[in-house]
Amino acid sequence: MTAGAPLLRMEGITKRFGSATALDAVDLVLQRGEVHALVGENGAGKSTLVKILTGAYRRDTGTVELEGQPVSFDTPAEAQAAGVCAVHQEIHLLTHRTVAENIYLGREPRRWGFVDWRRMNADAAALLLDLGLDMQPDAVVGSLNTARQQMVAIARGVSLGARVLVLDEPTSSLSPREVSILYALVARLKAQGTAIVYISHRFDELYAICDRVTVLRDGRLVETRPLAGLERLDLVCLMLGKRRDELRHGTTAFAEHQARTAGEPTTAPLLETEHVGGGSRLRDVSLQVRRGEIVGLAGLLGSGRTETARAVFGADPCARGKVSIQGKRLDARSPDDAIRAGIGFVSEDRKAEGIIPELSIRENLTLAALPLLTRYGVVSRRRQREMVDRFMERLGIKASSADQRIRELSGGNQQKVLLARWLCTSPRLLILDEPTRGIDIGAKGEIQGLVNELATDGMAVLMISSELEELVEGSTRVVVLRDGESVAELSGDQLSQQAIIHAMAEGGSTSSPGIAPDHPVH
Amino acid sequence: AKRDANRFVVGFSQMESDNPWRLAETKSLRDEAAKRGIQLVVTDAQGQTAKQVADVEDLIARHVNVILLAPREFDGLVPALQAAKAAKIPVILVDRAAAGTPGQDYVTLLASNFVEQGRRAAEWLAAQTNGKANIVELSGTPGASVATDRAKGFRDELAKHPGMKIIASQTGNFSRATAQGVMQNVAQSLGAQITAVYAHNDEMALGAVQALIAAGRKPGTDVTIVSVDGERAALEAVARGDLGATVESNPRFGPLAFDTIDRLRKGETLPPKILITDRFFDKSNAKQFVADAY
Amino acid sequence: MGARAVSLLQRSGALVALVAAIVVGAMRYYDFLTAENLLNVLRQNSMLGLVALGMTFVILTGGIDLSVGSLVAVAGVVAARLSPAGSLVALVCGIAAAALLGLVNGVLISKVRIQPFIVTLAMMIAARGAALAATSEQSVSLGAAASGLAWLGRGDVGGLPVPVLLLLLAYLVGWVALRYTRFGRYVFAIGDSEEAARLMGLPADRIVMATYALSGALAGLAGVILTARLGAGQPVAATGWELDAIAAVVVGGTLLSGGQGGAGSTLIGVLLLGVIFNLFNLEGTITPWWQWVMRGAFLLVVVVVQGRLQRREAHG
Amino acid sequence: MAQSLGLEPARRAPAAAPASLRRHLPGPQYAALGALVVLVVANAVFTPHFASTSNLWNVLLQVSTVVLAAVGMTLVIATGGIDLSVGSVMACAGAVAAVLLERGTVLAVIAALAVATLIGVVNGTLIATMRVQPIVVTLATLIAGRGIAQVISHDGELVTISDPAFMQLGRGYAGPVPVQVLIALAAVAVALFLLRSTPFGRYVLAAGGNPAAARLAGVPVPRTIMTVYAASGLLAGIAGLIVASRLGASDAAKIGQNMELDAIAAVVVGGTALSGGRATIVGTVIGALIMQVIATSFNMLLVPYAWSLALKAAIILVAVYLQRPRRV
Ligand SMILES: Nc1ncnc2c1ncn2[C@@H]1O[C@H](COP(=O)(O)OP(=O)(O)OP(=O)(O)O)[C@@H](O)[C@H]1O
Ligand SMILES: Nc1ncnc2c1ncn2[C@@H]1O[C@H](COP(=O)(O)OP(=O)(O)OP(=O)(O)O)[C@@H](O)[C@H]1O
Ligand SMILES: [Mg+2]
Ligand SMILES: [Mg+2]
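Heads up: the sequence lines are chains A, B, C and D, in that order. Here the working numbering is used: the first residue of the first sequence is 2, the next is one more, and so on. Here the working numbering is used: the first residue of the second sequence is 688, the next is one more, and so on. Here the working numbering is used: the first residue of the third sequence is 34, the next is one more, and so on. Here the working numbering is used: the first residue of the fourth sequence is 847, the next is one more, and so on.
No lab work stands behind these hints: they were computed from the structure. Where a beta carbon is used, it is the ideal one built from N, C-alpha and C, also for glycine. Be careful, since some hints might not be right.
Unchecked claim - Computed footprint of chain B on chain C; a stretch qualifies when at least three of its residues, placed anywhere within it, have a C-beta under 8 Å from a C-beta of chain B: (1) 71 to 84; (2) 259 to 269; (3) 309 to 315.
Make the full structure from the sequences, and use the hints.
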C-alpha cells in the first residue's frame, strides 16, 4: 500500500442503460476521513455512480482502486466485504423484518452456528441507544414511517464499520432532530478515517458537513474541488451549466409571497375541515383553504400531515369530524368521491403511490382525467393527445416523447407529470404532499413557480412540506399540526420559520385553529 | 359415534371417477348393495395410486368387513393389501389385477381381461379389412395399465396379420376432446393412408369419428373404427355405422361382486380369478343393446 | 413482539380449523380418534408434507415451484430403476436426481432470470416427459435387493412409521433452519425484497438456487418414500401435487408474496387438508364431485378467514 | 408572479433519442413473432402436409378455444393476478348448456355463460374486496368448479348434445371459416378495443402496474379487478360451449382439463409478464399459435408423447428467455 494514495479512486467510469448513457468517463477520488459531496441535477448520474461503486450495477468501462489496489465488485456482497457500503436513495430495507434483523442482516451474531436472537436484539438496542434513536429493535420495519426507516438504513450503514460509506440523499425525509443525529454520526465516522460520499439536494447540508464536492452534469464530470470558498451560486452554476448572470436570486421560487393577494376572505372557504380525526394518528384537525390561497401544513414527522391529506381525499377513512367543500359536506369514502368534488392529491411517495412505472407519460398524465376524455365509452385519442401536449409544454416536461415510459424520467419530471395528472382535471383544490422532496434545485424552482401560478389563477392549494423555508415563502397561511391536532395557525407577520418551529414543538397557538384568521392587508 | 357391531359394511376403493365406465361400475356396486341392504362405503382415488393406498388404509381404519378394490395400477398397492391382511379384512380385486397372490394377498380377482379386449378388437378389424389395414392407434393415458394391456393384446393379434400395420400411435388420454384434436392433426399429415382406427376406449373413438368427418373422410366406409368399452353413445354410433365395432368392457360388477362376497361369507373356497363376461357389439347387435347400455 | 403475535395468530387460524375438523371427526366417526387412524393420516400425508416443506422455502423467497409433482415421479422412477443396486444407491440417486433438476430450476431463475412460474412450469412438463420416456410409460417394480427401501416405506420405529418419523424430523430441521440459521434468515430476506437483500450484500443468487435445489431434494425424498411404500416407481405418480402443496402452504398461513410464514404452519396446513380427505373417506358416501366442491369451498373459507385474521392483527 | 431563479436549464432527457430509436428496432417484443415464423417455416419444410390450406384452418380451429381463455387470462395477468379456474369454468359452462338444451338453445347458452361469469365474479370479489391472493382463490374455484360441473351434469354423467343450432358453435362454418375461429377473432378484437380505446383498458394496466397509485388517481381498482375476472370467466364459458359443441357432449370431468396451464403458457410466451401492468393481446394470440403449431406438428410428425413434453417445455423456456428483461 502506497502511503498518500487516496483511499478510493474511480476512473473513467462509463455506464449505459440500453443506448442511453448515464455516466460518461466519470472520475471520483476519495481521501481518508473526508466527506465528499456528490451533486448534480436529477438524473445527472449520482446514484448510478455509487451503485457502480458498491457493485449493484456493473460498469461498462473504467477502473476502481481501493487503497491503490484495483478492485472490481460484481455484487454488493463483495463491496461490503471490502468495506464499501451504501445507504441507497430508495430505502432498501426488508419491510416484514425487524429493525435488528435489518441492521444485522448478513452478519447475524451466532452461537454454535445458530442465529443468536437474544444477542442480536441486545446489540441492536445498544447500537440504537448509542445513536440516540428511540426505537425498539424488534419493531417490524414496515410499521415505521419513512423517516424512521431511513434512520434504520443509516444505522445499518454506520454499524457495518465501512471504510467507504455512501449516503445517497439520507435526509430527504428526515426532520431537523434526526438530521442533527446524522451530522454527529458523520463527524464521528470522519474522525475514524472513513470516507463518506454524501449526496443531497439540500445545499445547507452540503455546506455544513462536506469537505470537497464533485459535480456531475448529464452523466459527465464537471469538476471536483474543495467546497470551502465555493459560493452557493457558483455551485448552482456548475450544476446547471449556466453562467452566473443567467441566474437570479432567491432561495425558493415562492419568494415574496406577500405579493400575492391572500385569498378571498369574504367568500366562504372552499375546503373546511372541522375536528377531523381517525386512523391511528389523527386526532383533531381543523383548517380552511380558500380559493387562491396556498395553505401550508407544517408539523414534525408523524404529526399527521399526510393522514390529514389522505382523510380529506378519501384515501383513508376519516372516523370523526366533518370535511366540507364549498360549504357542502363531503364524506369521501374513496379518492373517487374526492376527485368528483374537484380535489387532486399528489402523494409524498412518488414511487409507491404516484407513478404507474410501466405506463407512458401520456397514460400516467391522463389517468385521472380519463372520464373527461371519454365519449360513448371510448377515449378520444385526439383530445388525449391535445391535453398531453398542452400540459407537457406548460409544465416544461422534458422527455423524448409522450410515449416514453414514466419510470425512465428523472424525479423532477415525474413529479411534473403527476402534477399535470391533476391539473388536467381542473381541480378546485390541490393537495400537495412534499411536492419538492428529492427534487433538484432547478426542477424545484419550476414546480414552486407553477404552484404559485395556479394559486394566482384561483386554485386552492394545501401544501405539506418539511422545508420550512418553502412553507414560509410559499404559503398564505400555515397550519401547524402536533400529535394529530391542529395547534396553531400562522399568517402574515407571524409567519416565520421560528414561529413554525416553536408551534411544532410546543404548540403555542397564535390564533385559535378552526377560526378564520384575519388576513393582513398589503 | 358408536359402532353398530352387527352391521355388515363393504368398502369399495374406486380408482377414479372421471369417465362413464367408472361411474357405471360404481353405480352398479351401489345399486346392488342397496338391493341387498348392505352398507357400501366408497372412496375415490382420483387416479392416484398413492391416494388409493391411503383410501384402503382409511377403509381399514373404519373397520369395514370386506374391501372391494379397483386397482389404479398393477404395482403399487402392496402396502394396501398388506395392511388389509394384517387387519384380517378380505380384499376382492375388481376389474384389474394387482401384484400379489390370490388366496394369500387378496381373495380373488373379478377380472376384465384388457389384453383379450385388445386382441378381440384386432381380430375383428383383421376380419373386416381382409387382413390389410393402415391403423392409427389412439392410446389411453400414458402409463395407465389398461392402455398398456389394450395395446399389447391388439399387437399380439396383429402379429398374425402381416398386412396390418400401425402407422401412427398417439395418446388421446382416454378423452374425447383430446382424441379429436389429435386425430385431426394425424389425419392432416397421413391423410388418405389411414384406413383404420383403433381407440383404447369409446370416448376417443367418438372423438376420432368427429375428426375424420371434419377431415372429409367417411368413418365406416373409408375408415374402419374399432374401440373398447361398449358405452351407450358408442353403441348408437355402431348402429349408425360410424363406428365399426366395440368390444365390451363390462362395468357391471355389482351382482358378481356381491355374489362373491356371499360365497366368501359362507366359507366357500374361491377360484383365484373370476372373469366377467364381455360381449362384442357390432352392427348386427348394437341396436338391441343401446337401451341398457350405460 | 407484534410480529410474533401476528404469526402466532396466523398459525392458529389454520390450527383452529384443524382442531375443529378433529372435533367434528371425533364426534361423528367412531373410528376417527383411534391411534390407527391418526397414524394413517400422518403416514398418508408424509410425502406431500415433505414436498410442502420444500415449497414453503421456495414460497418464502417469493417464488413458486410447480415442478415438484414431476420431480417426485422422477425420483421414484430413478430409485426403482436403481433399486437392484441396493437401497442406499436408490435413495441417494433418487434424491440427487430430483435435487439436480431443482438446481436447474434455481439456475434458470436466478442466473438466467426467467420467472419462477414459467421455469418450474416448463420443468413440470419436461420432467414428467423424462419420467415417462425413461420407463416407456410403465411402472417399474422395486428390485428384490431393496429391503432397506421397503423399511423406509413400510417399517416403523417404536410404533411410529418411518415416513412419519422422517416427516417430523424434516419439519424440525426445517423450522430450526428457517429460524436459527443464516440460510433461513436469507430466505426470508429475499422473499421480503430481493433487491434490498442484494443491496445489503446477500448472495441472493446462491440462496435462490439452494432453495429450489432443496425443494427438489425434498420432492426427491418424497418420491423415494412413495416408491418404497408402493413397491414400484410410477412415471405418473404425484400429478397435481404441486397444487396440493401450494394449498397446504397457503392454508397454513404462509403468504405467496414471500417473506412471511414458516415451516410449522405448513405442517398444520398439510394435516388440515389430510384430515379433510380422511373425513371424506370415513363418511364414505360423499360422491367424488361433492368432495371436489367441498374441498374448494373449504379452501376458500380458510384463506378468507386467514386473510381477515392477518389483516386485523396487522392493523390492530 | 413571484421571483424565480429563472432557471431554464438546458436539460436533456438522457434517454431521449435512444429510447425512441429503441422503439423502432426489433426488440424482445418481436421475439415471439419471430419464433412463430421460424416454427411455421420449419414445419412447412419438414412436416409433410403442414403447409396446406386445410391444415391452416385446422390449426386456427384448434387454437380458438385456447385463444379465448388466454385473452381473458391476459387481462387478468395484466392486473397482476392469475386465473387457474378457467378449465373448470369451461366444464361448468358445458355442463349447464348440456342439461338445459332441451329447454331451448338460447336459454341454455345464456344460462351457461351466466354461470361462467358468476364464477368469475366470485373470484373477482374475493380477490378485490377480501384481498385473498388470486392464485389461491382461483385454485379453490378450480377444485370446486370441477365438482360443480359434475354435479350439474346429472352426477358426473356424460350428457350428449344433439341440438343442431348449438352444434353450429363448434362445427359450423361461415364460408371456409369455422364459426369458432370467428368467435375467437371477435373476442380478440373486443379485447384489443377495450385495452386500447377505453378507460377500462387503462384502468387494467394501472391497477396491475401500481395499485396504490391507481387508487389515488381515482381508478376504481376493485371494480376493475372484478370485471377482469368476470371477463375471464365469460370467455372461458364461451370456450367451454365451443368444446362441448364440438364434442357433441358435455364431459364434465375432462373438458378444459389443464386449460389454465395452456392459457398461461400462451400469455407468457406471447410476452405478457406475470408481474402485471402490461398486456399484449396480439402477443397472446401469437403465443397461443406457437403452442398450437408445436402440438399440431408433434401429432403430425408422430412424436412420442414423452418427448413432446420435453420439447414443449424447451420451447416455452426459449420463447420466454428471448423476451426476458435485461439485467443492469
Ligand atoms: N435501472 C435503470 N434503467 C434505465 N435507466 C436508468 C436506470 N437507473 C438510472 N437510469 C437513468 O440513468 C440516469 C442517471 O440516473 P441516477 O439515478 O443515477 O440519477 P441521480 O443523479 O441519482 O438523480 P436523482 O437526484 O434524481 O436521484 C437517469 O437518466 C436515469 O433515468
Ligand atoms: N412514530 C411512528 N411509528 C410508527 N409509524 C409511524 C410513526 N409516525 C408515523 N408513522 C406512520 O407513518 C405514516 C405517515 O404518518 P403521518 O401522516 O402521521 O406523518 P406526516 O406528519 O405526514 O409526516 P411525514 O409525511 O413527514 O412522514 C403513517 O402511516 C403512520 O402510521
Ligand atoms: Mg439518485
Ligand atoms: Mg407525510
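Right, here's what the structure says about each hint:
1. 71 to 84: holds (count 4)
2. 259 to 269: With 8 residues close enough to chain B, the hint holds.
3. 309 to 315: Holds: 5 residues of the region 309 to 315 of chain C have a Cβ under 8 Å from chain B.
When each numbered hint is compared with the structure, no violation occurs for any of them.
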